[in-house]
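A.B. asks: Generate coordinates for the entire structure from the input sequences, incorporating the hints supplied.
Taking this note's numbering, I'd label the letters of the first sequence as residues 562 to 1024.
Rather than coming from a laboratory, the hints here were simulated on the basis of the structure.
Think of the CB as a built atom: it goes at the ideal place given N, C-alpha and C, for glycine as much as any other residue.
Fair warning: there could be bad hints in the mix.
[As the list claims (entries may be wrong)] Subject to a maximum C-alpha distance of 30 Å in a straight line, what follows is the list of computed DSBU-like cross-link-like pairs (lysine-lysine):
1) Lys877 - Lys746
2) Lys808 - Lys715
3) Lys1020 - Lys656
4) Lys635 - Lys583
5) Lys715 - Lys688
6) Lys826 - Lys718
7) Lys821 - Lys718
8) Lys635 - Lys775
9) Lys746 - Lys635
10) Lys826 - Lys653
11) Lys708 - Lys718
12) Lys821 - Lys635
13) Lys877 - Lys826
14) Lys718 - Lys688
[As the list claims (entries may be wrong)] With beta-carbon atoms standing in for the labels, derived distance ranges:
15) Glu863 - Asn622: 19 to 27 Å
16) Arg669 - Lys775: 16 to 24 Å
17) Cys892 - Asp671: 29 to 37 Å
18) Ser855 - Ala664: 28 to 36 Å
19) Ser828 - Glu871: 18 to 26 Å
20) Lys715 - Glu685: 24 to 32 Å
21) Glu642 - Lys715: 35 to 43 Å
22) Glu863 - Ala664: 20 to 28 Å
23) Lys715 - Ser870: 40 to 48 Å
24) Glu955 - Lys988: 31 to 39 Å
25) Arg859 - Lys715: 41 to 49 Å
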Amino acid sequence: MQVRLSDTLSGRTIELDPSAQKDIRVYVCGVTVYDYSHVGHARTFIVFDVLRRVLMDRGFNVRYVQNFTDIDDKIIRRANEEGVSYREVAEKYIKEYLADSDALNIMRADLYPRATEHIGDMVEFIKGLLNSSHAYASSDGVYFSVKTFPEYGKLSKVKPEELIKGARVEVKEGKRDPLDFALWKFYDEGPTFESELGRGRPGWHIECSTMIRKNLGTTIDIHGGGEDLIFPHHENEIAQSESLTGKPLARIWMHVGLVKFGEEKMSKSLHNAVYIRDFLRQYGPNTLRVWALSTHYRAQVEFSERTISEAVEKWKAIEDALYSIRQQNGCCPSPSEVKEVLDAVEEANAALNDDLDTPRALQGLLRASRAVNRIWGSGSLGGEGASEIASGLERLAWLLGLRLPEIGQEEADEVERAVKKRNELRKERRFSEADRIRAELQARRIKLIDMGERTFWRKVEVI
RNA sequence: GCCGGGGUGCCGGAACGGCCACGGGUGCGGCUGCAGACCGCAUUUAUGUGGGUUCAAAUCCCACCCCCGGCUCCA
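C.D. replies: Rendered as structure tokens:
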């Protein structure tokens, strides 16, 4: 099954065909670990998680690498503020990133390379650039010489002259040209690395170029990140890597639109960032995923009460459907009902192949869910056709990384007992006592559904 | 200024030449001891503005207006 993805560099849609090429190498720019991750980060990594799931499901062999920038001015500043080493700060926030990522049901990368583990490789990379005169050493560091790379600006579609005119490029003493950027910065103080280049620290862009080359190869299939990385980060990566190797760095460049908070971009410097963990305390992982996937990945999304409460309602419908297929309650859906569900699932799958059109896929899932809930509501989910419905829905939910909240055996037993007790009370028409039990369960996010003689219960994300 | 992405009903968001997508919210009604889930109806014949092409345009063409983002560390 073919998958199409749009490429920022060429502006075209590029097809991936597992019968032509099985292995896909993906590199996604990860976070700089100096603070907790926010909803904007979550969106990007959720999108790439879905991409990865789709590629795997369609028969590709995916190798997924995502870096941690664990040496950087912000990390050092944070360390100084807290009176600890930069390594401790980095370690802490790597752990926290992974905790958030796991909570969001984002699959672990095959590899999480760290900048500090590749200092030697970066130095070698920079030496290669010095040897080919794409780089030069000056008083305060080693710089990449942008004018030695005539294609500079091809990704961000910005002409070098225009950038200089914008006059927002950093002017530094050691630069020959204002557009040149640091590969290695000389420092005597703070955390530094001794190298043939001199004592100092690596520039930011070089780590990705180096870690891609080292861990995935010269030309990878997909390189991605947030759209705020197009310039200068990815532009500079291209300049460095392609100057060194003479080959394209990536076949497809994917960029995820930014999250807006009200009218502005969500960002730590604007002090409007919502941490993933704070969101999860109030809502849950599926709500965040549904929210993130409700908008096409290339468009910007607004983080607002309104868009979130919509996601809550959407997830509720999906959640109920996922429970319904497990809590079968009769027999049997009609052929046209089965078809209705499977058609919606198929539409969703087609949408995922079409440049990862998750809003359309979600629509399909919602339509399938509604149909399932209707079948279940009429007490005929089970028997013939039910397993097809179940596997179609489960697979789609997996592709979007949506899953039911977990519940321990002990809690389940407890709930069972409470439900039984409540039904005894109901039989005796002692409704206020029965309702009190229901309210208690609700406080624990247990939802009850009475259907004739039977009572079904479901552990839900948001009640 | 330059580059990129947008403007569709109360809201979110599809369709990209032809049949009121879909979802959410709200209101009313059905089912229910109540609730949930489900069902029915309403809000809904919406497409930034002005021209043009066409039997037919959110959809194609031209001009204009407005919004967001990038151009500085940023997912």
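A.B. asks: Now tell me, hint by hint, if it's right for this structure.
C.D. replies: Evaluated hints:
1. Between lysine 877 and lysine 746 the alpha-carbon distance is near 52 Å, which puts this suggested pair outside the 30 Å criterion.
2. Simply put, lysine 808 and lysine 715 have alpha-carbon atoms about 14 Å apart, close enough for the 30 Å limit, and the pair holds.
3. Taking the CA atoms of lysine 1020 and lysine 656, the gap is near 28 Å; set against the 30 Å cutoff, the hint holds.
4. A threshold of 30 Å between alpha carbons decides the hint, and for lysine 635 with lysine 583 the separation of about 40 Å lies outside it, so the pair is violated.
5. The suggested pairing of lysine 715 with lysine 688 holds, with an alpha-carbon distance near 25 Å, which does not exceed 30 Å.
6. At roughly 22 Å between alpha-carbon atoms, lysine 826 and lysine 718 fall within 30 Å of each other, so this suggested pair holds.
7. With a CA separation close to 23 Å, the supplied pair lysine 821 and lysine 718 stays within the 30 Å bound.
8. Only pairs whose Cα atoms come within 30 Å are accepted, and lysine 635 paired with lysine 775 is accepted, the gap being roughly 26 Å.
9. Pair hint lysine 746 plus lysine 635 holds up; C-alpha atoms about 15 Å apart against a cutoff of 30 Å.
10. Taking the CA atoms of lysine 826 and lysine 653, the gap is about 26 Å. The hint holds against a cut of 30 Å.
11. Between the alpha carbons of lysine 708 and lysine 718 the distance comes to roughly 16 Å, so the proposed pair stays at or under 30 Å and holds.
12. About 23 Å separates the Cα atoms of lysine 821 and lysine 635, which keeps this hinted pair within 30 Å; it holds.
13. With a C-alpha separation of about 28 Å, the suggested pairing of lysine 877 with lysine 826 holds against the 30 Å cut-off.
14. Using a Cα cut-off of 30 Å, the hinted pair lysine 718 and lysine 688 holds, with the two alpha carbons roughly 28 Å apart.
15. In this structure the supplied range 19 to 27 Å is violated for glutamate 863 paired with asparagine 622, their Cβ-Cβ distance being about 37 Å.
16. The beta-carbon spacing between arginine 669 and lysine 775, approximately 20 Å, falls within the hinted interval of 16 to 24 Å.
17. For cysteine 892 and aspartate 671, the hinted distance range of 29 to 37 Å is not satisfied, since their beta carbons lie about 44 Å from each other.
18. At roughly 20 Å, the beta carbons of serine 855 and alanine 664 sit outside the given window of 28 to 36 Å.
19. Separation of serine 828 from glutamate 871 is about 24 Å and conforms to the stated range, judged on CB atoms against 18 to 26 Å.
20. A hinted range of 24 to 32 Å holds for the C-beta pair lysine 715 and glutamate 685, which are about 26 Å apart.
21. Look at glutamate 642 against lysine 715: about 40 Å separates their beta carbons, and that is inside 35 to 43 Å.
22. Checked against the hint of 20 to 28 Å, the pair glutamate 863 and alanine 664 passes, with Cβ atoms roughly 23 Å apart.
23. For lysine 715 paired with serine 870, a C-beta distance near 42 Å keeps the hint of 40 to 48 Å intact.
24. Checking the proposed 31 to 39 Å range against glutamate 955 and lysine 988 shows it holds: the Cβ atoms sit about 35 Å from each other.
25. For the pair arginine 859 and lysine 715, the beta carbons lie near 19 Å from each other, so the given range of 41 to 49 Å is not met.
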